[in-house]
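S.K.: Sequence:
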Amino acid sequence: MKKVNFHTHTSLCNHASGTMEEYVIHAIKQGYKVLGFSDHSPWKFEDHYVSPIRMKLYEFEKYKKEFIRLKEKYKEEIVLKLGLEVEYFPSLMDWLKQFVVEEDLDYIIFGNHYHQIETRSTYYGSITKDDEMLKAYTLSCIEGMKTNLYSYLAHPDLFMRSHRPFDDLCYWASEEIAQASVKYNIPLEYNLEGLHYSKIASRQEYPYDSFWKIAGRYKCKAIIGVDAHCPEAFDRGYYEQAYQDLSSYGVEVIDDIEYRKWEQKYENR
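One point on numbering: in my numbering, the residue at position 236 of the sequence shown is 236, and numbering is uninterrupted.
Check the hints yourself; a few may be wrong.
[Said to hold, decoys possible] The calculated DSSO-like cross-link candidates involving lysine-lysine, where the alpha carbons are at most 30 Å apart (straight line), are: (1) K221 x K183; (2) K146 x K56; (3) K183 x K2; (4) K33 x K2; (5) K44 x K261.
Hints are computed from structural coordinates only; laboratory data are not their basis.
Based on the provided sequences and hints, a complete structural model is requested.
M.R.: Below, the structure written as structure tokens:
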């Protein structure tokens, strides 16, 4: 299986470091054949809210211009793809679809971080300790997958970062997400940044074993995502471990994604 990564951030999101070229160089050195940039998407928020954790709308041009330069410079060494990591904000999905078409993106991935609006108090990695918020996270994952816009669901087990025990509701959430993944043909991401968090914290956050055992039982497909926030993320050596973990759970590991899914029928199926 070839090494690929479609989850790469840049300093434009204000919580990642390094130049885009440094990410490319590190990926090449570690044997990656395909590298997709998918920094946190800018949004045209209705209340003119300015997010501190994603690029501004006017900065997208800089992001795209540098991508095009690197794609040409390194075309003999690695395949580069242009994408974004995107939330599911129902009121803004029509705008999003228009934006990704106009900017000619290769793909977008579904990073479900926030409940309804984007403020620190609504981060699913914290608030899903509450049962109602875990239900909300699960249902929004499913609704987002239904749109057929996203190439895959990033860190689907993000809710385990809330430090709750893997109880009956977590089991329900995992089953619902796994079933939707199969029904709508949306792969799930095995997130290496989460694996790194867990090692630093000396506790399992995500990827979470119990979630992935359920994913294996439902025959879900998985893509390994570095979720790189620094160029050195490619040097950590977790990729092979992730492949072995997923194989042990009975999860099929894929090394490519569907591109430009918004060109398919866009409706809640």
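S.K.: None of the hints should be skipped; say for each whether it holds.
M.R.: Hint by hint, here is what the structure shows:
1. K221 x K183: The given pair, whose Cα atoms are some 11 Å apart, holds under the 30 Å limit.
2. K146 x K56: holds, 27 Å
3. K183 x K2: Given that 30 Å is the threshold and the Cα spacing comes to 26 Å, the pair holds.
4. K33 x K2: Judged against 30 Å, a Cα distance of about 7 Å means the pair holds.
5. K44 x K261: Holds, at roughly 21 Å.
Of the numbered hints stated above, none is contradicted by the structure.
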